[in-house]
Amino acid sequence: MKNLRPETINVLKRVETLSGCPVEFKPDSSLTLRATLKMARNGAPSHVLQYRPTNDPLDYWVTYQAGFAMRLFDLPPNERFNFVGTGVGADQVHALLATGQPLDDSDQGMLAEFAQMVLHWALLNLRSYAIGMRIDQWIADEHPHLRELQASGMDILQQENLQLLSRRFGNLSIPVPLLAPVAASALFADRLLGKSIYAIPYRAAGVIESGAELLEKFDTVPRDGRHDRELVDAWAASMGMTDWYRWSTYEL
Amino acid sequence: MATEFKIPLHRFDVNLLPPDSRQVGTESFKTAVMLHFASEYAAQGQTAMVTVDDKEITVMSFPAEATALDFVLPMLQSGRLEEALPYLESLTKSAPANSAVLYNLGICYSELGQFDEAVIRLKRAVQLDPAHAHAWVGIGSAYFRMRKPELALDAFEKAVALDPNDGYTRRNLGGILIAFERLPEALVHLRKALALLPDDPQAIFGLATALDNVGTEASDLEADGLYKRFIEEHPTSPMVKQAKESRTAFSQKQLKARSPTAFRHDVMLFITAALKTFNESGPAKCREIAIEIAMLGRNGLDINDPDEKYALKSLPGRFSGLRLLAIMYAAFQQIDPTAAVGADFSAEYKMAKQLQNK
Chain A
1 MKNLRPETIN VLKRVETLSG CPVEFKPDSS LTLRATLKMA RNGAPSHVLQ
51 YRPTNDPLDY WVTYQAGFAM RLFDLPPNER FNFVGTGVGA DQVHALLATG
101 QPLDDSDQGM LAEFAQMVLH WALLNLRSYA IGMRIDQWIA DEHPHLRELQ
151 ASGMDILQQE NLQLLSRRFG NLSIPVPLLA PVAASALFAD RLLGKSIYAI
201 PYRAAGVIES GAELLEKFDT VPRDGRHDRE LVDAWAASMG MTDWYRWSTY
251 EL
Chain B
1 MATEFKIPLH RFDVNLLPPD SRQVGTESFK TAVMLHFASE YAAQGQTAMV
51 TVDDKEITVM SFPAEATALD FVLPMLQSGR LEEALPYLES LTKSAPANSA
101 VLYNLGICYS ELGQFDEAVI RLKRAVQLDP AHAHAWVGIG SAYFRMRKPE
151 LALDAFEKAV ALDPNDGYTR RNLGGILIAF ERLPEALVHL RKALALLPDD
201 PQAIFGLATA LDNVGTEASD LEADGLYKRF IEEHPTSPMV KQAKESRTAF
251 SQKQLKARSP TAFRHDVMLF ITAALKTFNE SGPAKCREIA IEIAMLGRNG
301 LDINDPDEKY ALKSLPGRFS GLRLLAIMYA AFQQIDPTAA VGADFSAEYK
351 MAKQLQNK
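Going down the list, the protein sequences come from chains A and B.
Each step along the first sequence adds one to the number in the working numbering, with nothing skipped, and position 51 is 51.
Each step along the second sequence adds one to the number in the working numbering, with nothing skipped, and position 133 is 133.
Be aware that a few hints might be false.
[What the hints assert, rightly or not] Chain B is faced by these chain A residues, among others (derived, beta-carbon under 10 Å): (1) Leu165; (2) Ser166; (3) Arg203; (4) Ala204.
If you're looking for bench data, these hints aren't it; they were derived computationally from the structure.
Idealized CB from N, CA, C, for every residue including glycine.
The following block holds chain A by itself, in its conformation from the complex (with noise of 0.2 Å):
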């Protein structure tokens, strides 16, 4: 990968030291993420980072996606932990489908479908906005470089989520309760940013309040790597998540 700054290939070297594990670079034109580092495990010589080639500077995005992994490997290896998901839920997500939206026969035909696929969605971002908070506010207090693409990286994530107000399947939504980490994410840009604009939709959505109470859990445990489990856990409780995923040791 070029032109990334020399900051930014610092924290990718952080990386390396704190797995002991390459990073390996892949071009990748389909990926829908501008970036992500896939962490080795189970023996996997290096920790992949693919990134989708382009000619506006990814420095953001891989610092963001190192984040991760540096928030996993500075913490001692019997603290490390995966989540993984349960196989529980889909019936409450099912029930959160089918209440509160109007429903024709179309739509419950595709509904346990539909429950698999927002299940899934939901557990990605329990962890990922809860812990990628916690990133950027590091990338912002320890990495003032990186501010305006910051600004830029986080504005354009805000846009891609609003899509997530009206997704549908058929006339199936996502449930507002499963919206409270977007619009936690709103609120925390919001107020990274000196802005007051990304929460706007959420509040006309009737979530921001979901998003407020995860903020000030967010803001509630302590910061540190060792409290993201803490942290996870506190949202999963709040959001009725808490047994659809479980920890487990993770091991490289």
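Starting from the known structure of chain A, fit chain B onto it as the hints suggest.
Showing chain B alone in chain A's frame:
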């Protein structure tokens, strides 16, 4: 950069609206939703455009009123008026004191035939921006289409008073002055309009029409030149037909004017020869010749040039424009005497028939 999102109607938190506007689907609900987002984004220095349909609310936010309007203008320019209307209505909620928004909304209503709505918005625009000459033109146009010519004239005069160096204001005032038969004044404004908008088809046509109405030989000549230019430069305009008819009428008028006795012996001789040809070749040939001349004459035959510059496939030889018109007149007298051929050669035709019968 604009931000856009949609919220399904059932998902919108109606508690954000005044109690009397919470019935989803009502006009009051739609207006309250627009005002809600307008107010939320205005507090952040942004402009919101909101549309509400049967299923969802669409919100677009822009960093400034101007960029929001920039989003709508291409719709107006490409004639997508019904699509643009709800966005403009929404913008008036976000930017109630923006005369440009009100002007465009007024014009949009006017083009959609909702003249009362148009006049309300355009009058509000001039109230906010008394120097907005084009809004006065819009008011005048709406009144004119509402068949209120006096009010239209008043509005167009205000527009010119505000901006006498604007071709658009001059053109519209000149146009309505023709309707009031105030031709000398109309000519002044339309000449100025054409000077300011030298390629504007409506300015060309308007001045030609005014000159046509004046009716002197000099004004006819100038009008004919303008109609000719209009036909050449704007061949697809729906006004081309009228321009051609006017040119034909001029030619006929000139033709008659050149013969003090109003009788053209040359035409009578052309008709006599044509009748002889038709007699020899039969009605089918007569029809073929008539149609070919009519097709050739769609852009006007130059009947004032004696040169034999025309040729026909259906008839050997070369012909002047006047001779072709005479042949066509004679042919249509055989085929359909009620058809208008753009010339009255009835006296010449009558004499030719008398000669033929001797």
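Status of the hints after comparison with the structure:
no., hint, in the structure
1, Leu165, "holds, 5 Å"
2, Ser166, "holds, 4 Å"
3, Arg203, "holds, 7 Å"
4, Ala204, "holds, 6 Å"
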